[in-house]
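Residue numbers (the working numbering), protein chains in the order written: chain A, 1 to 206; chain B, 207 to 911.
There could be a bad hint or two in this list.
[As the list claims (entries may be wrong)] The list that follows gives simulated cross-link-like pairs (lysine-lysine, DSS-like), each with its CA atoms no further than 25 Å apart: (1) Lys275(B) with Lys169(A); (2) Lys344(B) with Lys169(A); (3) Lys169(A) with Lys359(B); (4) Lys172(A) with Lys275(B).
Hints in this document: simulated from the structure, not taken from any laboratory.
So you can see what is in the structure, the chains are spelled out below.
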Amino acid sequence: MIGRRTLLAAAAAATLAAGPALALPQLGQPAPAFTAMDAAGKPVSLSEFAGRTVVLEWTNSGCPYVGKHYNSGTMQALQKKETADGVVWLTVSSSAPGMQGYFTGPTARKWAAKEHWSGSHILLDSAGRIGREYGARNTPHMFVIDKAGKVAYMGGIDDRPYEDPESLKGAKPYVAMALADLKAGRPVAVPTSQPYGCSVKYNSAD
Amino acid sequence: MRFLSGLIGLVVGALGVLGALVPAALAEPEPGPHVTATLVADHAGVAPGQTIHVALRQQIQPHWHTYWKNPGDSGEPPRLAWTLPAGFTTGDIVWPTPGKLPVGPLMNYGYEGEVLLPIPLTAPATAKAGGTAHLAAKVEILVCAEICVPETKDIALDLPVTTAPAPADPTWGPKIAQVIAAAPQPAGLSAAFQPKGPNIALAIAGPALKGVNDAKAYFYPASATTIDHAKPQAIERGPDGLTLTLAPGYDFQGGHAPAALAGVLAVGGRAYEVAANPGPAPPGTSGLGPPAPGDVAAAGGAGFGLLAASVFAFVGGLILNLMPCVFPILAMKATSLAIHGGGEERAAARAQGLAFGSGALVTFVVLAAVLIALKAAGSAVGWGFQLQSPPVVAVLALLMLAVALDLSGVFDVGTSLQGAGTGLASKGGLAGAFFTGLLAVVVAAPCTAPFMGTALGWALTQPAAAALVVFAALGLGFAAPFVAVAFVPGLLARLPRPGPWMEVFRKAMAFPMYGAALWLAWVFAQQTGADDLAKLFAAGVIVALAAWLAGLAQKRVALGGRAVGLTAAAALATLVAVGAVVWPKDAAAELTSEPYSAARLAELRAEGRPVFVNYTAAWCVSCQVNDKVAISTGEVRSAFARHKVAYLKADWTKRDASIAAELASHGRAGVPLYLVYGRSGGDGVILPSILTPDIVVKAVEAADR
Chain A
1 MIGRRTLLAA
11 AAAATLAAGP
21 ALALPQLGQP
31 APAFTAMDAA
41 GKPVSLSEFA
51 GRTVVLEWTN
61 SGCPYVGKHY
71 NSGTMQALQK
81 KETADGVVWL
91 TVSSSAPGMQ
101 GYFTGPTARK
111 WAAKEHWSGS
121 HILLDSAGRI
131 GREYGARNTP
141 HMFVIDKAGK
151 VAYMGGIDDR
161 PYEDPESLKG
171 AKPYVAMALA
181 DLKAGRPVAV
191 PTSQPYGCSV
201 KYNSAD
Chain B
207 MRFLSGLIGL
217 VVGALGVLGA
227 LVPAALAEPE
237 PGPHVTATLV
247 ADHAGVAPGQ
257 TIHVALRQQI
267 QPHWHTYWKN
277 PGDSGEPPRL
287 AWTLPAGFTT
297 GDIVWPTPGK
307 LPVGPLMNYG
317 YEGEVLLPIP
327 LTAPATAKAG
337 GTAHLAAKVE
347 ILVCAEICVP
357 ETKDIALDLP
367 VTTAPAPADP
377 TWGPKIAQVI
387 AAAPQPAGLS
397 AAFQPKGPNI
407 ALAIAGPALK
417 GVNDAKAYFY
427 PASATTIDHA
437 KPQAIERGPD
447 GLTLTLAPGY
457 DFQGGHAPAA
467 LAGVLAVGGR
477 AYEVAANPGP
487 APPGTSGLGP
497 PAPGDVAAAG
507 GAGFGLLAAS
517 VFAFVGGLIL
527 NLMPCVFPIL
537 AMKATSLAIH
547 GGGEERAAAR
557 AQGLAFGSGA
567 LVTFVVLAAV
577 LIALKAAGSA
587 VGWGFQLQSP
597 PVVAVLALLM
607 LAVALDLSGV
617 FDVGTSLQGA
627 GTGLASKGGL
637 AGAFFTGLLA
647 VVVAAPCTAP
657 FMGTALGWAL
667 TQPAAAALVV
677 FAALGLGFAA
687 PFVAVAFVPG
697 LLARLPRPGP
707 WMEVFRKAMA
717 FPMYGAALWL
727 AWVFAQQTGA
737 DDLAKLFAAG
747 VIVALAAWLA
757 GLAQKRVALG
767 GRAVGLTAAA
777 ALATLVAVGA
787 VVWPKDAAAE
797 LTSEPYSAAR
807 LAELRAEGRP
817 VFVNYTAAWC
827 VSCQVNDKVA
837 ISTGEVRSAF
847 ARHKVAYLKA
857 DWTKRDASIA
867 AELASHGRAG
877 VPLYLVYGRS
887 GGDGVILPSI
897 LTPDIVVKAV
907 EAADR
């Protein structure tokens, strides 16, 4: 038994050494737990939101796809509406130091003020730990966790994988739809979609 | 945002000037544009109704990239919004096989450096020749290094509208053609996927993947949500294909599976379209283990050295003797040796054996040298490359037919019993034996023996010297049985005693050769078409006639007469036959036409154009004759162009109720039927069933009044 565990640990170490791979959370399974500092310097854990619906939004302030949703105000409008409804909205930055969109507490707060960001917390994940746990590929890459703590949605914020702001017109708002389904007690009709945007700027050296 | 990023670009650019003074803490990229986009065309112009290719040419800054149709884990393919003259249409982008662009733990698919994205462009039949088509597009390209920058550009191309199809553009014609030829092709692959533990096993089989062995084989999925792009793809080889183990993407979440898994398989320097359905793996896609690292052979076994390859080649050469295209010739030659007993005649038999052996060996080595030279020149060739050329296949088919006729006793050449008997010791006999060796190798080309493919597949990936050694081993193996019979007295003595049975045996041996000739004709038909097959058959009849004439001449000579006339006639007939199949086709063969439909006819008539409708069928001989002598001629071509005649073809080769009804409405039960509709309306004028160019030209002139 010990031998087997050692073997597994060795295998895990080998995987890490071979290159940082992304995990893939499973739909309908418990969402991976995490704790991270937020922009205000306060530790935030997923577990403290048990019983509430949680949205995870990956961001990068320099990414044109993030810009599409913030410049038009659609992202902030959804944040405002959902947090007013009791949803916890966590905006995660996994950009590594020196990479585009890297946040420290002050730069994150400055960005939030400038963009009129309206979520619950901005999480500083510059080591990319949460990002890798969730297999976050893009900014914006979206996840919805239901009240039971299970993954209910993962993918794009809508069905338009384009940078062009014109593409917002008539887009299917998958995240808003998933949240509406959860509120109404329905199964989420579209539980996955193509995540799109810039790549998450992980530190590629680790 | 775009204005802002432009502004930032400017500021960064200005900062760059001060770069010498400021430490490079901010690793901001060079100012844009990071990609230059232009529009190019493969032809110097476009004719009404013609489809050509234009291409979006992207010149990408070093270290930056743009994306494939599935960009992978992030990014976006270029998008074009066209503004085209009325009636012009564009088709789907022909996407070249992308490269893998890993970014940290993610994987992107795209292009670096310079890339052409060809796009079909069709001019409407109504386009005005002599004018210029202004093709404009707004193109949005996301170009990324570590960061991404969207770049929007307005690109345009002015293309002359020409009366006749324009020549290829000297610069872009060959380049675009090359991109299209190298783009992923459908190859009739059968593919299926099924769960394999937490992963998906995608099994792909097909003739193109026989013996595939490439450690770099890779499946590019067409959709971004089917597989996890960044995960390695484990490869398992099989005799007829391979199995890739893929990590599932979002489409497999929640216990679901997509209805199909489509994409591109890049393997052995080529790329094929793959469309897999859920289900068990096709046979022959596993069992041979993973390819060794560094193996890149499209076909053939790798992983063994020169010695093993030479042994395989030798054994392959031995077995090649038994193949239906070779055995009859060799069997006859070998039995001819049996006639000779001992003493001086044995020495003669040895000389014959050696002459045959050198003939075979020299031919193999020459063939190998040509093959290696072609490969070095960049052609994708393999064993049997000569059979990819239809004229060579046609000549081989006729040669097989001639050998078969010889075996049937229609005529005699040196390989025959009598010839071998009389000329064994003579110089002519030795030359004959050498020639037999050469002939045997030439006719062996269509046959591949077991072991041979593996050895040659290996040889063709090796340096020239090693490849020549393997080919020489093949030649030695091929020549060995015959040489052995000539040299080993015991073997010669063991050959059956000559007798009347040999004549029966010889005639029976003709049938595998007839079979080989027919098979080559079938190959030829695949390469060309029914029209050319008809030519080959005609040539075959002429060759048979020539063989019979030669036989007559030989009989007359045998009886002490002279037969110069007959021999000359036979030679002439053979020349005609070979010439007919090898002669290159004239480039301007058929007049371009559109397929007929009642709707298209009404449309063209509404446009006020004269219309020529040709009701025809492949099996209708008079239709074909009319087409060759009257319609597809220069006079008619220029008359059609002059009067802007639309040419519609109603093809009745296969049963078609609507065409039958049309024929009946004009009081006809069959084809041909030629109708000319005037520019100013009215009923169609029926032309005679036997056409001349003059009749067509006059009818067209009348129609334009």
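Given the proposed pairing of Lys169(A) with Lys359(B), does the C-alpha separation stay at or below 25 Å? Satisfied, since the Cα-Cα distance of roughly 22 Å is no more than 25 Å.
Starting from Lys344(B), check that the Cα of Lys169(A) is at most 25 Å away, please. Measuring from Cα to Cα gives roughly 19 Å; hence the hint holds.
Restraint check for Lys275(B) with Lys169(A), where alpha carbons must lie at most 25 Å apart: 22 Å, holds
Given the hint that Lys172(A) pairs with Lys275(B), does the C-alpha gap stay at or below 25 Å? 21 Å, holds
Hint compliance for this structure: no hint is broken.
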